[in-house]
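Novice: Add chain B to chain A, keeping to what the hints say.
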Amino acid sequence: MNKCILFALLLAASPVRAQSDTQWVAEQATLTYHMSHPVHELDGVSHAAKGKGVCHAGQCDFLIAAPVNSFNSGDTNRDLHMLETTRGAQYPMVVVRTRFSQADAASATFYADLEVQFAGQTARYAHVPFQRVNQGGEVRITGTVPATCSDFKIDRPTFLTVPIKNEIPVRVEMTWRPM
Amino acid sequence: MKWKETKIVLAWAVLMLSLLVPKLLAAQQAAAPPETPANPPAAASQEPLPNAPAPAPAAPSLGDLGFTPQQSQPNAQLQAILEKRTHMLKVHQRLGLITTIPMAAALITGSMAKAKGKNGEPIKEPTQGNLDFHAVLGGATAALYFTTAYYAAFAPRVPGTHKHGAIRVHEVLSFIHGPGMIVTPLLGIMAYKQESAGEKVHGLASAHGPVAYATAAAYGASIVAVSWPLHLKFWEKK
Chain A
1 MNKCILFALL LAASPVRAQS DTQWVAEQAT LTYHMSHPVH ELDGVSHAAK GKGVCHAGQC
61 DFLIAAPVNS FNSGDTNRDL HMLETTRGAQ YPMVVVRTRF SQADAASATF YADLEVQFAG
121 QTARYAHVPF QRVNQGGEVR ITGTVPATCS DFKIDRPTFL TVPIKNEIPV RVEMTWRPM
Chain B
1 MKWKETKIVL AWAVLMLSLL VPKLLAAQQA AAPPETPANP PAAASQEPLP NAPAPAPAAP
61 SLGDLGFTPQ QSQPNAQLQA ILEKRTHMLK VHQRLGLITT IPMAAALITG SMAKAKGKNG
121 EPIKEPTQGN LDFHAVLGGA TAALYFTTAY YAAFAPRVPG THKHGAIRVH EVLSFIHGPG
181 MIVTPLLGIM AYKQESAGEK VHGLASAHGP VAYATAAAYG ASIVAVSWPL HLKFWEKK
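Which chain is which? The protein sequence lines are A and B, in order.
Here the first sequence stands for residues 1 to 179, where the numbers follow our numbering.
Here the second sequence stands for residues 1 to 238, where the numbers follow our numbering.
Among the hints, erroneous ones may be present.
Straight line, CA to CA, 16 Å or less: simulated EDC-like cross-link-like pairs of lysine to aspartate or glutamate [unchecked claim]:
hint	chain 1	residue 1	chain 2	residue 2
1	A	165	A	155
2	A	50	B	83
3	A	153	A	173
4	A	153	A	138
5	B	90	A	155
Because the hints were derived from the structure by calculation, they are not lab data.
Chain A on its own, in the form it takes in the complex (with noise of 0.2 Å):
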């Protein structure tokens, strides 16, 4: 009976261990956005992001940026036209923010709500879904932002006269490991 009683009372401990509070800053991160076009399909990648994110009372914070300049197509001119198009310099970062449960971040799939602030402007993105994978200490997180043009009141650019597509889908590839 007594083993019983131990065996629950650990049971019991083991979820408020989980949930105890835990830092986590990100040691890699890749932010890749895709564009498209009729003659023209490119993506640009950021190395520049960083995050922090702080686990507290089984709710976790996690917040996300990178300076928009820091995206790579291949090709200064675009780059910098993408520049002007997002009102980068006026607004340098793209910063996403994030709120989930500590204990559905523990799956394999989890799904976050974000809030991405870029160009001047907020948007929400509810319930999307991200991949978890264990490495040694560390977490690999990936997943895909389903962003738009239209989201942050820009102004799609046109090449040949025909604008690109409104889908600005970005992808994260983040390894965070505790602080």
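Specialist: For chain B alone, coordinates are given in the frame of chain A:
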């Protein structure tokens, strides 16, 4: 027997409590409004007590990430430069595409403006009309070309940027079609004078055609280069 039952009840009570207490505390913390005491005691305000629990960590802020002010501060002047640059390059792109029309027409009419017949015989072709039409097209091409070039050359430069990618090829090709667009009309004027005088084009003027073709080829390559990489199967849906 009674004692055993009591122990089971106690165990379940402890289990339930251990499950519920952290959640209740968390809920209470979330629901409680932030306390802002009007007159906080001076001694309690700054120095933490040695055995006090660690304060709850706040949600991270942009300042925590360690970006430099240069990266994170707005720059209205740079935005203005970018806007002017984009405007000028949009005009450059539009005029550049328009230029291809008289350029293509000048290339097509070039053969009609060529003298036919053998040297020493009276030259009936081209007619003066054909020659003039070709000359007008060439003139329009040159005028549009240099206006197009002006918008690229005088678009403001963005400090701290190093050009890379397709734009480099686009610029390198301008060293071919740029001089070509100066030489072609000059050779064209020479050829025009010779043909108007009833002569077959000779000497340097005979290079007018080949130079024009080379210039047009470099110009076309320049347009393709800035569009690179082309997604050729654009009709296929992913």
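Novice: Against each hint, give a clear statement of whether it holds in the structure.
Specialist: Hint check:
Taking the CA atoms of residue 165/A and residue 155/A, the gap is near 11 Å; set against the 16 Å cutoff, the hint holds. Between residue 50/A and residue 83/B the CA atoms are separated by roughly 28 Å; this puts the pair beyond 16 Å, and the hint is violated. The straight-line distance between the Cα atoms of residue 153/A and residue 173/A is roughly 25 Å, outside the 16 Å bound, and the hint therefore fails. Taken as a hint, the residue 153/A and residue 138/A pair is broken in the structure, with Cα atoms around 36 Å apart against an allowance of 16 Å.
Of the supplied pair hints, the one linking residue 90/B and residue 155/A holds, its CA atoms being roughly 14 Å apart against a limit of 16 Å.
The structure does not agree with the numbered hints 2, 3 and 4 stated previously, though it agrees with the rest.
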